[in-house]
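Peer 1: If you want the building blocks of each chain, they are given just below.
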Amino acid sequence: MTEKVSIRSLRTGVPGLDQLLGGGIPEFSLNILSGAPGSGKTTLAHQIMFGMATPENKALYISILGEPPVKMLRYQQQFTFFDPNKIQESIHYLNLSELILASDFDGALSRITEEVNRISPALVLVDSIRALLGLAERAHQDEADTIEFIQRLGIQLSSLQTTTLLIGEYRSTDDDSTSIFTVADGVIHLTQSLHRNSVVRKVQVVKMRGHAQVPGLHTFRIQNSGLEIFPRAIVLGNIWPGPPPEANANANANANIVRLSLGKSGIDDMLAGGLPAGYSLLVVGPSGSGKTILATEFLAEGVRSGENGVIAIFEKSPHQSRGNQILTPLIESGHIGTIESRALDLSLDEVLHDLTGTIKRLGAKRVVIDSLSGFELSLAPEFSEDFRSSLYRMVAQLTAMGVTILMTSELEDRYTDLRFSPFGSAFMADAIIVQRYVEISSEFKRVMSVIKVRGSPHEKSIRLYDIDHTGVHLGQLLTDYQGIMGGRPEWQPPSRTPSS
Amino acid sequence: MLREELIKRQVYGLPSDRALDKAIDCWQRLMDETISLLGQLGFDSIYQKSLSLTRHQLPRMALEQLGNADTSTLSELRAALAQQTSADGCEVIQTLLLNFTAVLAILIGESLTERLLNVAWGEQPVDSNNPEQSHD
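Line by line, the protein sequences give chains G and R. Heads up: the first sequence is residues 0 to 499, going by numbering that gives the first Met the number 0. Heads up: the second sequence is residues 0 to 135, going by numbering that gives the first Met the number 0.
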């Protein structure tokens with residue numbers, strides 16, 4: 000009986016990368032790590048090397064006219080993954096600049112072979128393969144020779160049971176002159192783009208033989224800890240976990256819906272018993288209408304019911320949000336996790352990565368996004384320009400996790416038209432609560448109404464409400480007024496029944 | 000400084016009959032490790048800088064001829080030291096080592112430099128809190 004060869008995946012330890020690679024780098028494969036200068040190749044190569052190298056599985060970093068080793072070591076040790084104790088024990092460096100400058104390619108190959116035989120590394124990194132090929136061309140060797148060199152290198156290193164990473168400055172993997180991409184088993188390509196003064200870094204696993212890599216471009220960030228990749232959220236299946244719209248007519252179906260309290264019985268009543276679990280609720284209203292307070296009460300009620308929550312704060316400063324008397328003790332007790340960002344160059348996937356990580360860590364059931372307006376501002380222009388699509392992917396990903404979402408959205412009061420979202424995103428919310436200011440007896444009053452609850456009945460009335468430091472307080476129904484949402488309600492006295 | 004401690008432990012207080020050989024051996028091993036890590040060009044540039052510092056600190060020694068030949072062999076250094084007494088030769092190597100590692104530490108950091116010294120000389124890391132290891 001013959002057995003098929005099993006290809007082992009070597010985990011890189013780079014956050015997010017192994018997921019993109021379909022588990023890791025295939026053992027004994029020849030891979031190219033490409034990208035324009037400054038795209039993060041050398042850092043990623045070092046992060047992979049420091050992550051994978053052990054005294055049993057050594058790594059050999061071969062410098063071929065890439066970044067000078069002194070500078071490379073100087074800069075790379077700024078990252079937390081750089082462990083000096085691994086140098087010359089688990090990690091070895093070999094500099095071939097002199098041989099390559101003398102166009103001694105055969106000498107370079109035999110020196111590599113000699114060093115690989117001496118150290119027996121599990122991982123070999125060559126920086127940079129582009130410089131090597133460039134020198135070969137200048138030395139009047141034709142392309143076939145250089146490709147042959149790469150092939151020989153690949154065959155020799157595979158035979159010596161090493162996994163290889165060739166690092167090269169290539170702006171694109173489509174470039175005709177880069178036929179080495181054909182020879183490679185795997186290609187990881189890094190890019191960075193500047194859009195309206197905001198830099199977005201992306202990684203693509205162009206190919207990875209023997210592995211089912213995750214396709215497409217994925218954003219990443221370079222931090223003190225190195226690269227962190229945020230695999231792109233992919234929408235799968237039905238994004239609405241609740242009952243389909245056609246179930247609306249079936250009153251019995253509603254009896255089976257699990258509903259979450261928003262912390263105020265009056266508001267729960269307006270929603271026919273609370274917000275269905277797994278739904279996304281959009282609370283829209285003008286500044287100061289109490290959207291954040293309603294969201295905070297939603298989280299606080301969750302904690303009272305034994306459900307942890309997460310709040311993504313994009314609008315207020317951390318100081319302001321910590322001043323929230325309801326929220327602060329819940330955050331300090333560890334029941335509520337926070338995602339706070341005032342950066343203006345985030346990607347949706349980065350936000351989603353932080354959110355899902357915190358949700359999983361806390362086992363959270365309730366999530367608040369406060370607010371969509373701030374969230375849109377925090378995204379890099381590339382993503383905010385297609386905010387609807389970004390929001391759609393985020394809601395889909397979060398609801399697929401089974402959490403119930405409350406999103407707030409700033410909406411200036413316009414009394415000439417009735418809108419529920421500044422982003423045209425109302426369609427993706429399962430439920431909508433609208434808050435407005437209206438003028439009654441020369442005073443601004445707050446009113447709210449439930450506009451929609453997908454697949455469920457709900458109260459359609461408009462109610463007065465007020466807010467103070469203890470929360471939202473519902474008031475009376477505005478049954479005797481007309482033109483409320485126009486901002487200037489007119490009192491319509493109830494018609495009297497003629498006395499008999 | 001742990002780096003200085005490591006150097007002192009290797010090349011100070013050796014019996015005079017083998018002090019120079021031992022000091023040159025230390026230099027050879029450090030040179031090999033440095034070339035392996037930084038390449039010949041990287042080693043040469045740091046060597047030139049440390050030679051310049053050493054000449055300033057030891058003006059009475061005739062070190063002008065150093066730094067002109069191929070540094071991958073030690074013939075030039077041996078020839079220069081042959082004109083000195085054993086004690087002077089040791090002093091040259093010691094100063095050269097201190098200067099070389101100081102420049103290296105500025106460029107690649109103290110911890111990586113100490114790591115290199117430990118690997119080159121097969122030393123265990125020096126524990127600065129252990130008086131047993133102190134040679135002061």
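Everything labelled a hint here was simulated from the structure, so no lab data went into it. The C-beta atom is built at its ideal place from N, Cα and C for all residues, glycine as well. Treat the hints with care, as some may be off.
[Stated by the list, open to error] Taking beta-carbon pairs under 10 Å as the criterion, some of the chain R residues facing chain G (in silico):
| id | residue |
| --- | --- |
| 1 | M30 |
| 2 | L57 |
| 3 | M60 |
| 4 | L73 |
[Unchecked claim] Below, simulated DSSO-like cross-link-like pairs (lysine-lysine); rule was C-alpha separation at most 27 Å, straight line:
| id | chain 1 | residue 1 | chain 2 | residue 2 |
| --- | --- | --- | --- | --- |
| 5 | G | K451 | G | K364 |
| 6 | R | K21 | G | K70 |
| 7 | G | K85 | R | K7 |
| 8 | G | K85 | G | K70 |
| 9 | G | K459 | G | K263 |
| 10 | G | K444 | G | K263 |
Peer 1: CA of G:K444 to CA of G:K263, is that 27 Å or under?
Peer 2: Between G:K444 and G:K263 the Cα gap is close to 19 Å, so the pair holds against 27 Å.
Peer 1: Given the hinted pair G:K459 and G:K263, is their Cα-Cα distance within 27 Å?
Peer 2: Within the cut-off at roughly 17 Å; holds.
Peer 1: With a cut-off of 10 Å, does the beta carbon of R:L73 approach a beta carbon of chain G closely enough for the hint to hold?
Peer 2: 19 Å, violated
Peer 1: Against chain G, run the beta carbon of R:M30 and see if the smallest gap drops under 10 Å.
Peer 2: Result: violated, 14 Å to nearest chain G Cβ.
Peer 1: Does G:K70 sit within 27 Å of G:K85, going by the straight-line distance between their CA atoms?
Peer 2: This hinted pair holds, its Cα atoms lying about 18 Å apart.
Peer 1: For a C-alpha distance cap of 27 Å, please report whether G:K451 and G:K364 respect it.
Peer 2: 22 Å, holds
Peer 1: Report holds or violated for the interface hint on R:L57, using the least CB-CB distance to chain G and a cut-off of 10 Å.
Peer 2: 26 Å, violated
Peer 1: Against chain G, run the beta carbon of R:M60 and see if the smallest gap drops under 10 Å.
Peer 2: 28 Å, violated
Peer 1: Between R:K21 and G:K70, is the straight-line Cα distance small enough, at 27 Å or below?
Peer 2: Violated, because 31 Å separates the two Cα atoms, which is more than 27 Å.
Peer 1: Between G:K85 and R:K7, does the CA-CA distance stay at or below 27 Å?
Peer 2: 25 Å, holds
Hints 1, 2, 3, 4 and 6 from the list above are not met by this structure, while the remaining hints are.
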